[in-house]
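Student: For the protein sequence lines, the chains are A and B, in the order given.
Position 520, counted from 1, in the first sequence is what my numbering calls 520; the numbers after and before it change by one each time, with no gaps.
Position 34, counted from 1, in the second sequence is what my numbering calls 34; the numbers after and before it change by one each time, with no gaps.
Each hint can be trusted.
Computed footprint of chain B on chain A, listed as stretches where at least three residues anywhere in the stretch have a Cβ under 8 Å from a Cβ of chain B:
1) 344-355
2) 578-589
Chain A is nowhere near these chain B residues, computed Cβ spacing over 12 Å in every case:
3) Asp49
4) Pro50
5) Glu73
6) Ser76
7) Ala83
8) Glu112
9) Asp139
10) Lys159
11) Ala197
12) Ile218
13) Thr219
14) Asp224
15) Ile228
16) Lys229
These are computed hints drawn from the structure, not numbers from a lab.
For glycine and all other residues, C-beta sits at the position ideal for the given N, C-alpha and C.
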Amino acid sequence: MEIDEPDTPKINENDVLDVTTEKVPSSSTSQTNETTSSSKESTSDTTTMIANNNNTITISTPPRISIPNGKSSHTEPATQIGIGWTQQVIQKRTPSGPYGKAERYYINPENTKKFKSMLEVCQYLNNSGGDVSVVYNPSGNCSSPSKVASSCNNNNGTPNISNATTVGNGGGTNINLKVYTATATTTTSNNNSQHNSAINSANNSQSNSPRPPTQHVVATSGPGSGKSIDTHPFNKGSVIEVLYIKNKKQDDSSLDKKASEDDDNFTNWDNDDESISDWFNSDEEEEETKAKTDNNNNNNTTVAANNNNNSNNVYLADIIDRIPIFPTIDNLHPSQRFKYYIHYRNFNRRMDEWITQDRIISPPSVGNQKVRQIKRKEERRKREEEEKRERERILNEAALGLGGGTRRASIDGGGSSGIVPSSSTASLTGAVGGGTTSAAGRKRLRRTASSGIDSGSSFDESSDDPSSRSRRQSRSAGGVGVGSSSPKKAHAGSGALSIPQVSAINVVTTIEAQVLDEHEGMDEIALKEHEEVTKIKNVNTLELGKYQMDTWYYSPFPKEMFRDKDDVIDVLYVDEFSLNFFTRKEELLRYQKKALMLDRDNDGSGRRKDRRHPPGNEIYRCGNLSSEYILLGRGTLPNDYCS
Amino acid sequence: MITVLDLMYFLSLILVFEVDGFEERLYCQNLCYIAKLFLDHKTLYFDVDPFLFYVLCEVDERGYHPVGYYSKEKYSDVGYNLACILTFPSHQRKGYGRFLIAFSYELSKKEEKVGSPEKPMSDLGQQAYIPYWTSTIVDFLLNQSGDSKSMSIIDIAKKTSIMTEDIIFALNTLGILKFVNGVYFIYAEQGHLEDLAKKHPVKEPRVDPSKLHWTPYITDVKKDKYSIKSKAVSVEADLNIAK
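Just chain A, with the same shape it has in the complex (with noise of 0.2 Å):
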């Protein structure tokens, strides 16, 4: 779903809450919008002096530039700040796959600085320069400095500015900026009207003034990139934080999430669980609503003590999609007036989920960065990993190459019992290529070479050498001579067959990696294709029987069942003999009705068919079944039967 948002104002809007959430990593959104008029304030501060002293640069928003194709990122010289200023647009990739967004950024003629906005650029300016002010007007369209200075004025919303009469071109942008952030689009098609109708009602409010025609310039994103770019706070394909918790309606279902695995043999589900039950009987949950007001309050430490305590619950996830929810409340950011569909990384998409504003613990910022350095840190590991199996090949090779002593002490206590290798085993080794066959006899002959050392004594005979005395200890060989001491060797004194753990780098241990790939034969082009289409899942819930039970994946019902190509149906009623699946529980009790009474299926079959088994054949009967016989008439059937 591509949300087609307001031009203009997305563009500043997207402006001034990087701003914030640059500042205030943490903050819930509702924290943005004090911040943001604060900003405000302090630019109308400015622009009042400016009133006074005259002394005025106006900057303006340069023109958007595109990303070459095959490039990732593009510079041009930004003139509208100031010579020697440059912008930059970055093609962000995310690992979630297509939803990279394209993100400018402003860089100083020293090029020491980058800045992600231009309000930051302005107060940069302000900061820096002697006693020139700088105001940044977002049209381009370069007014007056008294004129802007009044729109800012209006911006704060404050009624009882008598300058507010004389406004230009861009401080017109400025207030649709405003109109458009307090009075909540609803629906994602409706933006663009009420966006209209807010530039019109400014426009009408400040005596007519036209539509600054750059406007469109600025908004329309380039070409190169191909599509628009998504500037909502929490745009979707970036990483946020998430606290995980429970649904309350899965509980009382007797259905659980986590409890979902087919076997409970696997401890890492169990050990969550675990966690996830300390978490709520503990008094964590209190401290959970409590973060909700906390939230509502803008009180920012309380949340980041939240997120510290709930560590274990706390996981980021992608934002895939998001809707809007009605009814809208008015008051509340733009932001909340969504829900979102996320994705936990590292899990499974079974969990993936419809979440509201309450349950984000960090903005999009801050779940980013936090991506990048997992990569980084991954990243690293990787390269120390290659780094090390490089030394110990090397190490190995070098081992090799100073003969048998390495290799001895093994075959002394074979064969003798347990199961005993036979000869057909060796069909098995049909997998083994003719070079590792011929290693082994290399390797067998030197073991009879120095066999007479061996028998009796562990390693310590024959070491003529330090360094390969020191490999063979550090392989954790602990030598598998006939009667040896050393405590590994708990099988060897047995006289089972023992198998010496010198030639550990004979035994093959594992084949996992071939088996345990579920996208095992699908190619990477198929395999976004499927997850694309099945990204997000068209029903929520399945209630089949007494039970209700949360989806977890797509499922392509027939498309009559859903009211347009982007519907969710909320519960799907199945019936439990037919399985056929209705969208409304009358649909379900009707048919269940009618099914009775003909005592056959609405299948046109016209066979007669027992109303209370699945179709087909008994072949299988097992556990216990009283002897009870309970005699009923067909009619008696209790009423609540189907239900």
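On the provided structure of chain A, position chain B as indicated by the hints.
Tutor: Here is chain B on its own, set in the frame of chain A:
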């Protein structure tokens, strides 16, 4: 007035129904749609004809409630004995998934074939299958010691109907398959096996083969390389021939 006998069952009774995708097309299609809600990679919805569906039911006084199912190709080219398996979330963690898996192998035994689940497996599929394989193999090895002096992986496959690849995987998971000097050994002594058996117990509900009333679905395929008869001769026979 027609009266029927209705049986009052205790809940511990479980049944399996075999539904032919050809005969009960609508039912099976519905089943597929609903199952897709819980399976990520499933592509079968309409063409249910070449499949058999085994529906596991719990019973109470109101009737037979499906709690899980698996589907199986009537004839599989590559020796799959199970295509999709699902226990509904409301009935998970009761061992039904394991039961259905054991059931699929039980049918394979009746067919005198070895079988394997359709690959690739999902994450939950692995979580159900790996314990089944390990516990079954450990159980088998434990009850086997003493009888014969030697045994090969194919011998295990013949008795358990688990495909050799899966056995090798399970043995590797258990850590008892060793590769020494170019030869594979199953290395397990009694004590170690008992430890493993404790760690990988065979869980309830088990499948009781005597309660299975079923004959294999007859296909036209004459030669089937997954039939046990076509497998290489066992170790002892091999030795006999060598003599």
